[in-house]
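Chemist: The primary structure of each chain is shown beneath.
Protein chains: 2
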Amino acid sequence: MKKIAACIGGGVIGGGWVARFLLHGWDVNVFDPAPDAQRKISEVLNNARRSLPALADVAMPEEGKLVFCDSLELAVSDAQWIQESVPERLDLKHKILGQIQSHCSDNAIIGSSTSGFKPSELQEHSTNPGQIMVAHPFNPVYLVPLVELVPSVKCPAQSVEKAQSILTAIGMKALVVRKEIDAHIADRLLEAVWREGLWLIKDDIATTEEIDDAIRFGFGLRWAQMGLFETYRIAGGEAGMAHFIGQFGPALAWPWTKLMDVPKLTDELVQKIADQSDRQSGKHSIRELERIRDDNLVGIMRVQKDANWGVGEMLREHDQRLTELVPQIDSAPDLSQPLTMYQGKVLPAWIDYNGHMNESNYLQVMSIATDNFMTFIGADGAYVESGKSYFTVETHICHIDEVKLNKPLEVKTQLIGHSEKKMHLFHSLYQPETGVLLATGEHMLLHVDLEAGKTCNAEKPINSKLATIFSHHYSLEKPKGLGRSIGC
Amino acid sequence: MKKIAACIGGGVIGGGWVARFLLHGWDVNVFDPAPDAQRKISEVLNNARRSLPALADVAMPEEGKLVFCDSLELAVSDAQWIQESVPERLDLKHKILGQIQSHCSDNAIIGSSTSGFKPSELQEHSTNPGQIMVAHPFNPVYLVPLVELVPSVKCPAQSVEKAQSILTAIGMKALVVRKEIDAHIADRLLEAVWREGLWLIKDDIATTEEIDDAIRFGFGLRWAQMGLFETYRIAGGEAGMAHFIGQFGPALAWPWTKLMDVPKLTDELVQKIADQSDRQSGKHSIRELERIRDDNLVGIMRVQKDANWGVGEMLREHDQRLTELVPQIDSAPDLSQPLTMYQGKVLPAWIDYNGHMNESNYLQVMSIATDNFMTFIGADGAYVESGKSYFTVETHICHIDEVKLNKPLEVKTQLIGHSEKKMHLFHSLYQPETGVLLATGEHMLLHVDLEAGKTCNAEKPINSKLATIFSHHYSLEKPKGLGRSIGC
Chain S
19 MKKIAACIGG
29 GVIGGGWVAR
39 FLLHGWDVNV
49 FDPAPDAQRK
59 ISEVLNNARR
69 SLPALADVAM
79 PEEGKLVFCD
89 SLELAVSDAQ
99 WIQESVPERL
109 DLKHKILGQI
119 QSHCSDNAII
129 GSSTSGFKPS
139 ELQEHSTNPG
149 QIMVAHPFNP
159 VYLVPLVELV
169 PSVKCPAQSV
179 EKAQSILTAI
189 GMKALVVRKE
199 IDAHIADRLL
209 EAVWREGLWL
219 IKDDIATTEE
229 IDDAIRFGFG
239 LRWAQMGLFE
249 TYRIAGGEAG
259 MAHFIGQFGP
269 ALAWPWTKLM
279 DVPKLTDELV
289 QKIADQSDRQ
299 SGKHSIRELE
309 RIRDDNLVGI
319 MRVQKDANWG
329 VGEMLREHDQ
339 RLTELVPQID
349 SAPDLSQPLT
359 MYQGKVLPAW
369 IDYNGHMNES
379 NYLQVMSIAT
389 DNFMTFIGAD
399 GAYVESGKSY
409 FTVETHICHI
419 DEVKLNKPLE
429 VKTQLIGHSE
439 KKMHLFHSLY
449 QPETGVLLAT
459 GEHMLLHVDL
469 EAGKTCNAEK
479 PINSKLATIF
489 SHHYSLEKPK
499 GLGRSIGC
Chain F
19 MKKIAACIGG
29 GVIGGGWVAR
39 FLLHGWDVNV
49 FDPAPDAQRK
59 ISEVLNNARR
69 SLPALADVAM
79 PEEGKLVFCD
89 SLELAVSDAQ
99 WIQESVPERL
109 DLKHKILGQI
119 QSHCSDNAII
129 GSSTSGFKPS
139 ELQEHSTNPG
149 QIMVAHPFNP
159 VYLVPLVELV
169 PSVKCPAQSV
179 EKAQSILTAI
189 GMKALVVRKE
199 IDAHIADRLL
209 EAVWREGLWL
219 IKDDIATTEE
229 IDDAIRFGFG
239 LRWAQMGLFE
249 TYRIAGGEAG
259 MAHFIGQFGP
269 ALAWPWTKLM
279 DVPKLTDELV
289 QKIADQSDRQ
299 SGKHSIRELE
309 RIRDDNLVGI
319 MRVQKDANWG
329 VGEMLREHDQ
339 RLTELVPQID
349 SAPDLSQPLT
359 MYQGKVLPAW
369 IDYNGHMNES
379 NYLQVMSIAT
389 DNFMTFIGAD
399 GAYVESGKSY
409 FTVETHICHI
419 DEVKLNKPLE
429 VKTQLIGHSE
439 KKMHLFHSLY
449 QPETGVLLAT
459 GEHMLLHVDL
469 EAGKTCNAEK
479 PINSKLATIF
489 SHHYSLEKPK
499 GLGRSIGC
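Chains as they are written, first to last, in the working numbering: chain S, 19 to 506; chain F, 19 to 506.
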């Protein structure tokens with residue numbers, strides 16, 4: 019059966035739903051009478067097309083068909099999922115839900131994007147209330163996986179399961195909310211922060227930027243990977259969650275909370291939290307959780323370093339400070355030996371089903387070494403920006419030994435030959451602790467004009483740097499395996 | 019001058035400070051009379067040593083010298099920075115600060131890790147109050163960059179600047195808080211969420227795990243890179259921040275806020291927020307901010323995919339679902355031709371700075387084709403589980419043409435030769451739309467006993483399947499480039 023979703027109401031949220039369904043192979047019917055609905059949705063779709071597939075390491079289904087319908091009836095009549103994303107006015111939602119239900123199948127799920135209304139409120143006046151539930155997503159809907167799925171007591175369990183399975187199929191994390199409540203779960207937390215933020219601004223304690231920095235340079239980094247409770251579980255250490263709350267609890271009664279209604283931390287509530295935390299995180303020791311947290315923090319910060327954004331911008335500035343503080347080994351290496359062009363270690367993502375580093379990551383490491391060598395001779399980021407670069411045209415790898423998770427790696431690079439348009443490199447990948455040779459990579463690179471798409475001479479300073487290196491490397495012993503071909 | 023820091027009070031926070039200073043080349047004196055202080059600090063240090071340097075792309079300074087002191091006096095007398103991290107009791111803090119000030123230099127900065135007390139409270143009874151300020155860090159202190167630097171009116175501006183510059187030098191983001199306030203900035207926001215979370219648990223709306231998931235699959239991903247206000251600025255779109263608050267504002271008066279004191283959204287407050295937001299983010303258009311946000315979201319989620327954690331675990335499961343949805347390879351192909359062992363397209367993560375697929379992803383695709391060929395001949399996941407597999411020992415790649423984002427890819431695989439312990443494969447990577455050959459990969463694989471770590475004969479059904487394929491493939495034309503070696 020053809021999968022068809024109907025999105026009633028475009029805009030940023032509706033458009034995000036359109037993108038999620040469409041890019042997962044569903045046909046999508048849109049009804050939105052606003053004159054700029056098509057433009058808005060196409061903008062969201064463009065954003066989604068460039069980013070959502072980047073989360074997958076496998077092929078996505080072929081995109082579904084997008085149809086802008088002239089009437090709500092046309093949009094919903096054949097749909098298995100109908101998503102309502104109209105403005106947050108209950109009278110308007112009632113009117114639109116009524117129209118949807120007079121034209122849609124009784125088996126269709128009707129999800130509402132509402133952040134404020136409870137499903138029982140949406141269901142008022144409906145003759146088939148169990149079909150309506152809250153499916154509250156988060157912007158950008160095409161990337162952020164969370165969707166709060168809130169049924170009322172009138173929604174049959176199998177409809178909730180069906181809804182959950184459809185949301186899962188379009189790549190979402192459907193969090194089924196046990197009991198309906200105003201603003202569901204996440205927006206209650208967000209509102210709490212928003213209220214506190216408004217006070218800080220009003221009283222001139224902090225600006226919007228300072229509040230944002232207090233989040234993204236601090237607990238925001240933790241919350242991208244673990245939430246509030248798992249983070250505190252770690253902070254509590256081996257003494258456990260109940261102990262931690264015992265220490266932390268009194269702060270709730272401190273002066274700044276005097277305007278707030280605070281739950282009393284009875285023994286019963288403390289035990290409930292500790293038990294739930296055990297069920298949630300008890301399979302990992304605190305030491306394990308610390309390492310998971312730290313590795314994620316490093317990764318999350320490094321992503322932003324690559325993007326030169328936020329905490330990453332700061333890390334780049336810090337590298338600059340460190341560089342001034344510490345003479346870098348690579349800035350003036352000993353040219354009479356192969357050059358150290360990579361130092362790192364085997365990352366968790368590089369481990370394959372055999373339990374050791376996957377073959378393609380051997381080349382990845384050598385490719386980084388090639389990039390570093392390019393930077394070393396002056397063919398750096400700015401050079402590539404200027405329209406010139408080196409392309410690898412031929413590679414020969416010999417896999418000599420296996421290497422496991424977290425082992426240090428080092429690449430030594432020898433310049434085998436060069437001309438104005440070529441360079442011939444030989445990388446030796448070692449495990450530096452043991453000196454064991456893990457692999458060799460022989461590479462031929464051509465210098466290209468990126469715009470013309472053909473080879474051209476490298477610029478003079480680069481050729482002269484290559485000549486200097488080669489004047490030392492030509493007399494080095496030729497590495498074993500150089501010029502090999504594969505024979506059976 | 020030798021840089022010396024004194025850390026009074028070990029524990030998780032004190033230990034984190036020790037690690038930050040030490041790994042940035044400072045000598046560190048520790049005073050903590052607790053019998054397990056050395057063990058605790060060494061555990062924190064071990065965590066820090068494996069993770070903090072991973073943020074840098076340059077060499078870190080040589081580690082400073084760590085000294086556990088028998089007295090507070092010995093610890094602080096030569097220190098330029100003294101960090102107090104003792105338990106949160108004001109009488110205890112006063113006592114320790116008094117002892118510190120009777121032995122330390124007048125020019126030293128005394129930072130307190132307190133999350134609850136204002137600097138003016140810490141300074142009570144002090145004869146040199148301007149030396150004391152709050153330097154409130156976040157766990158893990160060695161990784162999370164935020165530190166709230168809170169001076170009182172008694173702290174001279176040049177001391178605050180000096181403190182900020184030292185904190186910056188150890189890789190921290192020092193957020194100077196303009197006006198002292200209970201719990202500073204970040205902990206006020208955290209307390210607000212904590213209170214709301216306690217209510218949700220107490221009233222059985224959600225468990226600790228569900229609250230954590232509502233954070234880390236949702237807004238936590240946004241807050242690692244942008245805070246509350248920048249995120250909302252984007253949600254508001256081109257209409258701007260004031261417009262957004264106008265829409266969002268009424269929700270503050272909704273029923274769930276009735277127990278809370280809410281600032282009144284006067285025109286003046288709205289304008290103040292909008293102006294601050296312009297100063298903060300106005301240099302980027304909304305469209306730019308959307309793309310920055312999306313790229314960061316993808317990166318932050320992919321980090322966790324590599325770690326198989328949180329949102330990343332979900333993404334891996336989703337890849338599995340997509341694989342089942344989209345047919346990957348033909349299970350009964352025509353043996354008289356090279357076999358189609360990969361069909362996919364160029365993923366965004368594979369694009370390098372030259373704007374086309376990175377060289378290592380050519381091998382990644384061929385490696386997947388090799389895996390698929392192994393599955394096809396029966397050397398599948400279960401076979402590897404049973405302790406046998408094929409390892410690639412040699413690879414020769416010829417890069418023939420470039421390929422750009424989203425272009426479809428196809429690998430055709432020819433069996434060049436085989437024996438009981440070997441197979442020799444030749445992959446041709448095409449762009450199927452145009453028939454253009456993008457690259458070739460020649461691979462020699464050995465059959466290994468994973469436990470013994472040496473070669474052995476493949477099992478009979480596998481050798482017989484290889485023989486069947488070879489009976490067709492041996493008469494195919496030998497592919498161009500077979501047996502090549504690299505020559506300059």
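You may find that some hints are simply not true.
When chains are identical, the list treats them as one kind, so a pair holds in a single copy or across two.
Stated by the list, open to error - As a list, the in silico EDC-like pairs of lysine to aspartate or glutamate whose alpha-carbon atoms are at most 20 Å apart:
id, residue 1, residue 2
1, K363, D324
2, K197, E227
3, K301, E227
4, K220, D54
5, K472, E91
6, K406, E179
7, K406, E420
8, K406, D419
9, K439, D389
10, K496, D389
11, K496, E286
12, K290, E142
13, K439, E61
14, K439, E106
15, K172, E451
16, K197, D221
17, K440, D337
18, K20, E91
19, K21, E469
20, K21, D370
21, K301, E331
22, K439, D419
23, K425, D312
24, K220, D285
25, K197, E80
26, K290, D109
Simulated from the structure, these hints should not be mistaken for laboratory data. The structure displayed is predicted, hence computed values, not measured ones.
Chemist: Look at each hint and say if it fits the structure.
Modeler: Structure-based check of all given hints:
Taking the shortest Cα distances, K363 and D324 sit within 20 Å of each other both inside one copy (18 Å) and across copies (15 Å). In the homo-oligomer, the alpha carbons of K197 and E227 lie at most 20 Å apart only across protomers (15 Å), although the nearest pairing inside one protomer, at 36 Å, exceeds that limit. When the C-alpha separation of K301 and E227 is checked against a cutoff of 20 Å, the pair qualifies only between copies, where the shortest distance is 13 Å, while the shortest distance within a copy is 38 Å. For a Cα distance limit of 20 Å, the shortest separation of K220 from D54 qualifies neither inside one copy, at 36 Å, nor across copies, at 45 Å.
Taking CA atoms no more than 20 Å apart as the test, K472 paired with E91 passes in neither setting, with 56 Å inside one copy and 67 Å between copies. For a Cα distance limit of 20 Å, the shortest separation of K406 from E179 qualifies neither inside one copy, at 55 Å, nor across copies, at 41 Å. With identical chains, the CA atoms of K406 and E420 are at most 20 Å apart between copies only, with a shortest distance of 15 Å across copies and 36 Å within one. Taking the shortest Cα distances, K406 and D419 sit within 20 Å of each other only across copies (17 Å), while inside one copy they are farther apart (36 Å).
Only within a single protomer do K439 and D389 lie at most 20 Å apart by alpha-carbon distance; the minimum there is 17 Å, versus 36 Å between protomers. Taking the shortest Cα distances, K496 and D389 never come within 20 Å of each other, neither inside one copy (22 Å) nor across copies (34 Å). For the identical chains of this complex, K496 and E286 are neighbours neither inside a copy (73 Å) nor across copies (75 Å), given an alpha-carbon limit of 20 Å. Taking the shortest alpha-carbon separations for K290 and E142, neither the intra-copy value of 35 Å nor the inter-copy value of 40 Å comes in at or below 20 Å.
In this homomeric assembly, K439 and E61 never come within 20 Å of each other (Cα to Cα): the closest approach is 43 Å inside a single copy and 53 Å across copies. Proximity of K439 to E106 under the C-alpha cut-off of 20 Å is found in neither arrangement, the shortest distances being 63 Å within a copy and 67 Å between copies. Taking the closest pair of Cα atoms, K172 and E451 never come within 20 Å of each other, the shortest separation being 64 Å inside a single copy and 51 Å across copies. Taking CA atoms no more than 20 Å apart as the test, K197 paired with D221 passes between copies only; the shortest distance there is 9 Å, against 36 Å inside one copy.
In this assembly of identical chains, the alpha carbons of K440 and D337 never lie at most 20 Å apart, being 31 Å within a copy and 40 Å across copies at closest. Proximity of K20 and E91 under a CA criterion of 20 Å is satisfied intra-copy only: 18 Å inside one chain copy versus 78 Å between copies. In this homomeric assembly, K21 and E469 never come within 20 Å of each other (Cα to Cα): the closest approach is 43 Å inside a single copy and 48 Å across copies. With identical chains, the CA atoms of K21 and D370 are never at most 20 Å apart, being 35 Å at best within one copy and 36 Å at best between copies.
With identical chains, the CA atoms of K301 and E331 are at most 20 Å apart between copies only, with a shortest distance of 16 Å across copies and 36 Å within one. In this assembly of identical chains, the alpha carbons of K439 and D419 lie at most 20 Å apart only when taken from different copies (17 Å versus 33 Å within one copy). In this assembly of identical chains, the alpha carbons of K425 and D312 lie at most 20 Å apart only when taken from the same copy (18 Å versus 33 Å across copies). For a Cα distance limit of 20 Å, the shortest separation of K220 from D285 across copies, 12 Å, qualifies, whereas the shortest one inside one copy, 37 Å, does not.
Taking CA atoms no more than 20 Å apart as the test, K197 paired with E80 passes in neither setting, with 37 Å inside one copy and 56 Å between copies. In the homo-oligomer, the alpha carbons of K290 and D109 never lie at most 20 Å apart, since the shortest distance is 40 Å inside one protomer and 33 Å across protomers.
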